Amino acid sequence: MTLLAQSDDGPSCYGRLTNEWVCWDYVVDYRPEIVEATTQHVAITIASVLFGLALSFPLALLARRLPRLESTVLGVSTGLYTVPSLALFPLLVPFTGLSATTVVIGLGLYALTVLVRAILEGLRAVPEDVRESARGLGYGDGRLLLRVELPLAVPVVMAGLRVATVSTVALTTVGSLVAYGGLGNLIAEGVQSNFRAQLLTAAVLCVVLAVLLDVVIVLAQRVLTPWTRTAG
Amino acid sequence: MGVLLDALDYLRDADSWTGRGGMLELLVQQLLVTLTALLAAMVVGLPVALWLGHLGRGGFLAINISNVGRAVPTFALLAIFVAGDPWGWTGGAFPGTGDVGPYGRAGISTLVALALFALPPLITNAYVAIREVPPDVRESARGMGMSGWQQFRRAELPLALPLVMSGVRLALVQVWATATIAALVAGPGLGRVITDGFFRTDYGKGIAGAIVVAAVALVLELCAAAVQRFLDPVRRAARRGEGEVSPEVSTLGQAGHEDG
Chain A
1 MTLLAQSDDG PSCYGRLTNE WVCWDYVVDY RPEIVEATTQ HVAITIASVL
51 FGLALSFPLA LLARRLPRLE STVLGVSTGL YTVPSLALFP LLVPFTGLSA
101 TTVVIGLGLY ALTVLVRAIL EGLRAVPEDV RESARGLGYG DGRLLLRVEL
151 PLAVPVVMAG LRVATVSTVA LTTVGSLVAY GGLGNLIAEG VQSNFRAQLL
201 TAAVLCVVLA VLLDVVIVLA QRVLTPWTRT AG
Chain B
1 MGVLLDALDY LRDADSWTGR GGMLELLVQQ LLVTLTALLA AMVVGLPVAL
51 WLGHLGRGGF LAINISNVGR AVPTFALLAI FVAGDPWGWT GGAFPGTGDV
101 GPYGRAGIST LVALALFALP PLITNAYVAI REVPPDVRES ARGMGMSGWQ
151 QFRRAELPLA LPLVMSGVRL ALVQVWATAT IAALVAGPGL GRVITDGFFR
201 TDYGKGIAGA IVVAAVALVL ELCAAAVQRF LDPVRRAARR GEGEVSPEVS
251 TLGQAGHEDG
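Residue numbers (the numbering used here), protein chains in the order written: chain A, 1 to 232; chain B, 1 to 260.
Simulated from the structure, these hints should not be mistaken for laboratory data. On a predicted model such as this, the values are computed, not experimentally measured, just so you know. Warning: the hint list may mix true and false statements.
[Stated by the list, open to error] Between beta-carbon pairs, the in silico distance windows are:
#, chain 1, residue 1, chain 2, residue 2, range
1, B, 44, A, 226, 39 to 45 Å
2, A, 143, B, 61, 43 to 49 Å
3, B, 55, A, 229, 32 to 38 Å
4, A, 218, B, 61, 45 to 51 Å
5, A, 229, B, 8, 34 to 40 Å
Ideal Cβ placement from N, Cα and C applies to all residues, glycine included.
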């Protein structure tokens with residue numbers, strides 16, 4: 001009787017026997033774990049994308065300045081993409097250890113492929129006459145880049161950033177290999193202990209996170225490019 | 001550098017290739033899983049995408065499937081399949097971790113997850129390929145009295161094929177690389193070498209596995225490029241000297257190649 005009474009008000013839908021996929025009790029009872037994993041997931045994703053951006057800007061500028069290097073830069077960054085994410089982390093571990101740094105570097109390198117292309121295309125999409133008018137107004141190389149070319153490249157770069165961010169959110173889960181996978185840790189744990197509620201909750205949160213970050217970037221783009229709204 | 005030497009040693013050791021659980025067996029497993037998953041995705045995805053492209057409808061769907069697909073982690077999908085039937089159709093048993101013939105443990109789960117993963121690039125590329133056929137080509141086909149099916153079969157498809165093929169190529173390499181993730185749920189494929197080496201802190205072995213995966217990815221890419229070149233209808237027509245291939249049409253084919 002006591003057993004029955006316990007299961008009545010105790011957590012039941014994620015118990016060993018029922019093991020349901022959708023279970024709100026799980027979310028309530030495991031809230032600290034879920035919050036911690038989600039925070040880690042967001043932190044790793046953002047750090048990786050920023051790292052990728054920081055790397056890809058100089059690379060894209062270099063590729064633009066020296067056309068001979070362009071195919072090399074694009075080739076190497078595309079080649080990185082064929083290295084499976086599962087392989088990239090172990091490759092980095094001897095150098096960076098079992099840390100979040102390993103995941104951030106790995107995912108940043110993946111984001112590089114998309115970002116370098118996006119930045120190059122964005123800069124290339126700046127109309128030549130705009131560039132020439134700026135020169136005529138006495139803009140130097142640096143000021144031209146910062147004040148004219150980059151702002152005009154924002155839409156294309158942002159499109160690349162969206163792709164990179166959404167894929168990074170998904171790829172972060174693989175970081176569970178080195179125990180820094182955010183929600184991926186919950187998924188890995190769920191596989192090992194056949195914990196369905198945890199699996200599904202973590203998977204759904206991943207998708208929600210991707211959508212949310214995507215929306216944030218779209219909003220940021222609207223703020224950064226006020227002229228696109230008035231022009232229409 | 002010591003790690004890299006270890007990796008070379010592991011690659012040179014015949015024992016690491018042969019036998020049960022050797023790299024050769026895992027390699028064949030992964031190739032099988034990759035090709036079957038890609039084939040399944042092509043059978044399901046390409047006809048739908050091509051036909052939608054022909055009708056010029058469902059573009060929103062075709063593009064957004066790709067975006068949503070990117071957001072769903074393959075690892076999560078795989079984990080859900082391994083934990084048992086998420087829709088409750090088979091009492092929670094299928095796909096699960098069952099050992100399925102040459103596909104190995106959790107073979108069906110891996111297959112389904114990878115096929116779903118391959119769908120977005122296939123669908124998007126096929127749809128865009130048909131949409132990018134110049135409208136005047138379509139018009140002239142209609143002007144010649146071709147039916148909808150003839151238009152599709154004889155004008156749109158041949159011109160779209162290079163882009164469709166680059167979608168397949170992209171999917172092939174991506175599926176191959178992603179198939180290693182199956183190791184995270186103790187599934188089939190070379191990922192096992194990587195995770196094994198990693199968990200036993202035998203980093204040389206892990207790196208050896210990574211090298212093999214990357215090398216095969218390269219080989220697959222080259223093979224796919226060769227097949228694509230061989231199947232390109234515009235070039236084939238040129239090779240056979242069959243009819244005059246207008247310069248316009250052949251440059252269109254070329255452009256498709258470079259996009260890939």
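A quick look at each hint next to the structure:
The supplied range of 39 to 45 Å is met by residue 44 of chain B and residue 226 of chain A, whose beta-carbon atoms lie about 44 Å from each other. Taken as a hint, the range 43 to 49 Å holds for the pair residue 143 of chain A and residue 61 of chain B, whose Cβ atoms sit roughly 45 Å apart. One distance hint, 32 to 38 Å for the beta-carbon pair residue 55 of chain B and residue 229 of chain A, holds here, with the actual separation near 33 Å. In this structure, residue 218 of chain A and residue 61 of chain B break the distance hint of 45 to 51 Å, their C-beta atoms being roughly 20 Å apart.
Taken as a hint, the range 34 to 40 Å is violated for the pair residue 229 of chain A and residue 8 of chain B, whose Cβ atoms sit roughly 58 Å apart.
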